[in-house]
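Student: In case you want the letters, here they are:
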Amino acid sequence: MTVPMNKLRGLCLLAFVSTLFAIEAHAQVTFERLLNASNEPQNWLTYSGDYAGNRFSPLDRVNTSNVNSLTAKWVYQTAATGKFETTPLVVDGILYATGQDDRAFALDARTGRPIWLFQHQLPSDIRPCCGRVNRGLAVLSDKVFLGTLDAHVIALDAKTANVIWDVVSADYKEGYSYTVAPLAVKNLVILGVSGGEYGIRGFIDAYDADTGQRKWRFYTVPGPGEPGHDTWEGDSWKIGGAPAWNTGVYDAKTNQIFWPTGNPSPSNRGEGRSGDNLYSNSLLALDADTGKLNWYFQFTKHDEHDWDATQVPIMIDSGDKHLIAQANRNGFFYLLDRATGKLLSTNAYARTTWSDSKDADGRPVPNQQSSPTPEGRTVCPGALGATNWMAPSFDARTNLFYVTAREQCDIFSTAPQPYEVGHAYYGSAYFPSDKAEPYWGALRAIDPASGQVKWEFRHISPTWSGVLSTAGGLLFTGDAEGNFIALDAALGKPLWHFQMGGAVYASPMAFAVDGKEYVAIAAGSSLYAFGLP
Amino acid sequence: MSGHKVRGQRIFRLALATAVLVLVAPSLLADEIRNPFSGDAKAAKSGEFEFRINCAFCHGLGARGGGRGPDLTRAHKRHGDADADLFQNISQGIPGTVMPANGTNGQGVGMTDDEIWQIITYLRSIQVQSPGKPVGNAAHGKELFYGDANCASCHMVEGSGGRLGPDLTAVGTARTVDSLVESVRTPSKRLAWGLTESTKEFAQEYRTVTVVTPDGREIKGVTLNEDQFSLQMMDTAEHVHLFEKDKVRSIQETRESLMPIYNLTILSDPDLDDIIAFLLGVGTK
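Chains H and E, in that order, give the protein sequences.
At position 471 of the first sequence the residue is numbered 455 (the numbering used here), and the sequence of numbers has no breaks.
Numbers in the numbering used here are just positions in the second sequence, counted from 1, shifted up by 314.
If we strip away everything but chain H, and leave its shape as in the complex, we get:
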């Protein structure tokens, strides 16, 4: 069949016009698209932007030469109070994000106008540890996936927010909850549970994306007869904690997920759970199809300071070396061999007073003076850690690993506390140290090979903002005073800032629609998108 030339021209023109003025959203996000996320830099398809955890955007139209003219393009207000921790996803012009109290929303990514709003109905007696927060969604096929504060996993239709399936993972009354952005791998939705403050038994779950059927569960505290069970005293494993509340990464070559875990319970009292307390504060290499453990590396053995190892790890390939790096809450930067979990190097990137020596594997070991006492002892980093859940970033072009550091020392005290189902179970209290310097923070650039801090950009108070790096040679981060800041990724010099009017508890991301680039971040109770004029 032949089409007359003028008709064809007309059709082309029509297509061109529709590209310019309208977006036709194709929400079908296949696993292949997630695997090759860097091929569609206009989209942000996973929590960290790619499976490696880089939080790097290949977009470069906003760059060091023009970032000083960046302006706010739109603001979306959730009208909710509390910390707003989301990292949005963007798929073909539609932005999907979560807010406080397990709300979710889809926006026209060019204008910030809502397409749908979803509010999960929470029971009145939920037990969120640290705010009624959520860090984001996963997308796969035509669905988005939400983990909730009452420990549900919910699949929503990406076009309408209709609930496709809703499954209960665990009993929220026992302290289980979800705050994590799930990770979609193949046809699985993978997420780790929160509740290390309640004496839960932690796990990582994988659900069939179509049906919600649970395909596997990995208990982060081994049961009787399983390897590692003997690292727990008596029955302490039953309430051993080790949650997994931040998003891991996926290595397609070996079909493994690398997922970090959190503190043993009770968080600040080691008495009653003597032993290493596996697999708390560890990085786990799990077979993505089965959840079978291939290797683990425990950063902090028998933790007594609530130093979760739940920071996003980043896979770094250097020549034939396949590495994985983490800037840990305990103040050390760790570089591991991704094939074996062997520790290659570790260096402090923040003030640490808890370790003066390393074991045979090169792992920092705690000194006698760091263990909490009834009266309390000052230890650095403090209870909130040298960093926390705020996302790091790696830029292969600068070869620098960027992390938000908190300089905060605290007095850790301990007290015998009986376990009661569903009650907070810390065995402790912590306070700011009188003598300490006021808390402050910094964005630090670490050379992964040497572990050395190359430069820092100092924050006047600690921030809970993560970091985004871009091919425009830029870093984006936020601060506790409400600024969104762009820096030169090579030198750490600030190039631009915008006052958003609320503190940042979120990590930035970038996307593009119609060739126009945006950088987005949550601050206060609003989501901001910035672009060139």
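One should not assume that every hint holds.
[What the hints assert, rightly or not] Mimicking DSBU-like on lysine-lysine, the simulated pairs with C-alpha atoms at most 30 Å apart in a straight line are:
id	chain 1	residue 1	chain 2	residue 2
1	E	559	H	438
2	H	222	H	237
3	E	359	H	157
4	E	534	E	561
5	E	503	H	477
6	H	237	H	199
7	H	500	H	57
8	E	514	H	57
9	H	57	H	477
10	H	199	H	276
11	E	503	E	534
12	H	477	E	561
13	E	456	H	438
14	H	237	H	276
15	H	276	H	222
16	H	57	H	170
17	H	157	H	285
18	H	170	H	143
19	E	534	H	477
20	H	222	E	356
21	E	559	H	157
22	H	326	H	170
23	E	514	E	561
24	H	477	E	391
25	H	57	E	559
26	H	305	H	285
27	E	359	E	391
28	E	514	E	534
29	E	534	E	559
30	H	285	H	438
31	H	57	E	534
32	H	438	E	514
33	H	276	H	157
34	E	534	E	456
35	H	222	E	359
36	H	500	H	143
37	H	326	H	276
[Stated by the list, open to error] Reference listing, derived: stretches of chain H covered by chain E, where coverage requires no fewer than 3 residues with Cβ under 8 Å from a Cβ of chain E:
id	region
38	276 to 285
39	465 to 478
Worth flagging that the hints you see were computed from the coordinates, not collected in a lab.
Virtual Cβ for every residue (Gly too), placed ideally from N, Cα, C.
The hints should help you fit chain E onto chain H, whose structure is shown.
Tutor: Same frame as chain H, now just chain E:
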């Protein structure tokens, strides 16, 4: 028409019932909001653990007041003494203060109603019924405050006094006597908190700041607020200055308080007791 009469009676009864309800309701309500664990020693123990996790960061171990939060062992509390008041303050926070609503601040956990009641039970169990009268002479303390001790040149009490330092109207209920003494004798040991922003983790401290302007003027005072790029300050003459940090010659900030150190030669212990008696009296009104 009987029906009419009945209806009239009904309306009258309804109106009466409503009136009674309106009259009685507040006390009924107060009666209903009672601590279900009142006097329960086991609940008090659970409450102690909840307190350590959620409250001790500011109010100190044992609730005797840290540097930030008030001493909660006192029977009289500025924002209400009844169980219902305490429940309200813990669950909703206290607007205009650094006291956050339950579960919103990242400190501790989101507590259930029962857990909040357990904390109240614990607080009741350690409450000191009569903390003893202040040893000092409040009237003399007031004279000193506004006179020889010169406190009022920088501090305001009930609308009268200076602006450079924190308003001390509420300090008597907000701080322990020990921490008041500490602030007078060693002002730099723990700087007072100033501006608190709702979403921000830490309040602004009363830091001392010296700015050199582009034309070489040196301006010294107290930081009202600051971020990476701007500074808001009050100088010693109570002028408010707003600076963009990259447009001044220099900014030096220290945690040495602008407040003079009131040692024993400047202010005797009995005189300090008198001033504290004055402040405690103001705060408990």
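Student: Evaluate each hint against the coordinates.
Tutor: For each hint, the structure was consulted:
no.	hint	result
1	559(E) with 438(H)	25 Å, holds
2	222(H) with 237(H)	35 Å, violated
3	359(E) with 157(H)	21 Å, holds
4	534(E) with 561(E)	17 Å, holds
5	503(E) with 477(H)	34 Å, violated
6	237(H) with 199(H)	21 Å, holds
7	500(H) with 57(H)	11 Å, holds
8	514(E) with 57(H)	24 Å, holds
9	57(H) with 477(H)	24 Å, holds
10	199(H) with 276(H)	12 Å, holds
11	503(E) with 534(E)	20 Å, holds
12	477(H) with 561(E)	17 Å, holds
13	456(E) with 438(H)	57 Å, violated
14	237(H) with 276(H)	16 Å, holds
15	276(H) with 222(H)	20 Å, holds
16	57(H) with 170(H)	35 Å, violated
17	157(H) with 285(H)	28 Å, holds
18	170(H) with 143(H)	21 Å, holds
19	534(E) with 477(H)	28 Å, holds
20	222(H) with 356(E)	24 Å, holds
21	559(E) with 157(H)	50 Å, violated
22	326(H) with 170(H)	27 Å, holds
23	514(E) with 561(E)	26 Å, holds
24	477(H) with 391(E)	49 Å, violated
25	57(H) with 559(E)	26 Å, holds
26	305(H) with 285(H)	27 Å, holds
27	359(E) with 391(E)	22 Å, holds
28	514(E) with 534(E)	26 Å, holds
29	534(E) with 559(E)	15 Å, holds
30	285(H) with 438(H)	29 Å, holds
31	57(H) with 534(E)	39 Å, violated
32	438(H) with 514(E)	29 Å, holds
33	276(H) with 157(H)	28 Å, holds
34	534(E) with 456(E)	29 Å, holds
35	222(H) with 359(E)	23 Å, holds
36	500(H) with 143(H)	23 Å, holds
37	326(H) with 276(H)	18 Å, holds
38	276 to 285	violated (count 0)
39	465 to 478	holds (count 5)
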